[in-house]
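Q: Starting from the given sequences, assemble the full structure and let the hints guide the process.
Sequence order for the protein chains is A and B. Take any residue in the first sequence, note its place counting from 1, add 11, and you have its number in our numbering. Take any residue in the second sequence, note its place counting from 1, add 79, and you have its number in our numbering.
Think of the hints as simulated: they come from the structure by calculation, not from any bench. Do not rely on the hints blindly, as some may be mistaken.
Simulated pairs of lysine-lysine, DSSO-like, Cα-Cα distance not exceeding 30 angstroms [as the list claims (entries may be wrong)]:
#	chain 1	residue 1	chain 2	residue 2
1	A	K146	B	K189
2	B	K146	A	K146
3	A	K220	B	K146
4	A	K220	B	K145
5	A	K146	A	K220
6	A	K146	B	K195
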Amino acid sequence: MDTILRNTKASSRQLYLDPRTKILLCITVSTVMLAMDNTGIFVYIIPVMTIVPLIFLAIIKSPMMAVYYGILYLVAFFVPKMIVAYLPQAVNLLFTGVLATMTRLIPGMSMFYFLIATTSVSEFIAAMERMHIPKVMTVPVSVMFRFFPTIVEEYHGITDAMRLRNVGSFRNPMDMLEYRLVPLMISLTAIGNDLSISALTRGLDAPNKRSNMCAIGFNVQDYIAIAVSVVILILAALSMAFGI
Amino acid sequence: MSSKETSNRLNGKDLMNVGIFTAVFLVIEIIVACVLGVFPMGFLLISVVEAIILGIPMMLYFIRVKKFGMILITVVINGVIMILTGMGPDALRYGFFIGLLCELIMYWGKYKSAFKAILAYAVFGLIAVTNYIHWLYASEEWLEGQRANYGDAFVEGVSGAFSAGWVFPVLCVVTVVAGLIGGFFGKAVLKKHFVKSGLI
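A: As structure tokens, then:
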């Protein structure tokens, strides 16, 4: 079973970054894209920030995602400009504005994809423990990442079963909601019970500190990435305070 | 979490439950947002549709919540994910208080009352509304900066949708009502399927 966070260790075939660095990069990109205006020095920084996810997606050797990101961004960036003059006001009001605002969200989302596509669950937990995040947060988060693929898998199973019994056609949406979600929830609660018993036998409730096989730590590339992020965040703060 | 009595501490099983239902919550939230977000008008309906669809899983969750802190953890995780995906800090900032309010409503019903659980779920639906907040406030200044790029007609058209004063409160109220409907629907479904089969 393939989890969303990778099960294997991040290998040397990609640029290895500490999970904490990736989180900082995520926050930097989304902060700049969301909070900053296209004024002053940010006229130059915002385009750079849109290219950063592209670079990272290229580095993890997923060209499909990089192309997808590029096309999505270009569409969101240019299409509203081109069509806005030819559409009635009401459509512009509801539709084009959302599309244009997407340009601010897509880079952040792509960075998040980069974060979860290159980090294993163990690394992620190790990083969270280094950041002194309490157990009440780390356990649910790790269970959550373990559960995303399970949900998808179970849902496909339910869809298959429904098709087999000819329940798949269009009906009352409230009924469809019930037919799909109830089996899903029943199987998920059953899986959840099994999972919690298995985790308890492996000492989830143990008061001791959890040890971890994944060695995480900062390397040269981490320091470079952190330095760049910090500089940009400081610039953002200065720009908010003084308006350069 | 915050309660120090040993009987009220969250144990491993509770934390597993939090993880499972937070995963379900996030998956449904993201799917609904992706499907509706591309349609005109659908964007504003995301929170309402979510409140109805999430009725079944979240009522199952809220009925399992017996200790203080579980809903709060769900809300905080949701907020952190929203920050990392670039939706801004509003989901965490305002969501924390919404989560606290849910906990208080649940506490008011001693974590047993089914009606209080439905009420708490209706309030919980507001979590999705927090994602709209930055469109309301930040978008106006940003759109001023975009005037040069996109032209006057565009800026006026867009800021009209976001800055109309009544949109946001109406959205909140509609979401809470949808949450009540979803909650009652979820409760009925639970009674029909889960109680009968002995899963609760």
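Q: Against this structure, judge whether each hint is valid.
A: A quick look at each hint next to the structure:
1. A:K146 <-> B:K189: holds (25 angstroms)
2. B:K146 <-> A:K146: Cα-Cα ~16 angstroms, so holds.
3. A:K220 <-> B:K146: holds (24 angstroms)
4. A:K220 <-> B:K145: Holds, because 26 angstroms separates the two Cα atoms, which is no more than 30 angstroms.
5. A:K146 <-> A:K220: holds (10 angstroms)
6. A:K146 <-> B:K195: Holds, at about 28 angstroms.
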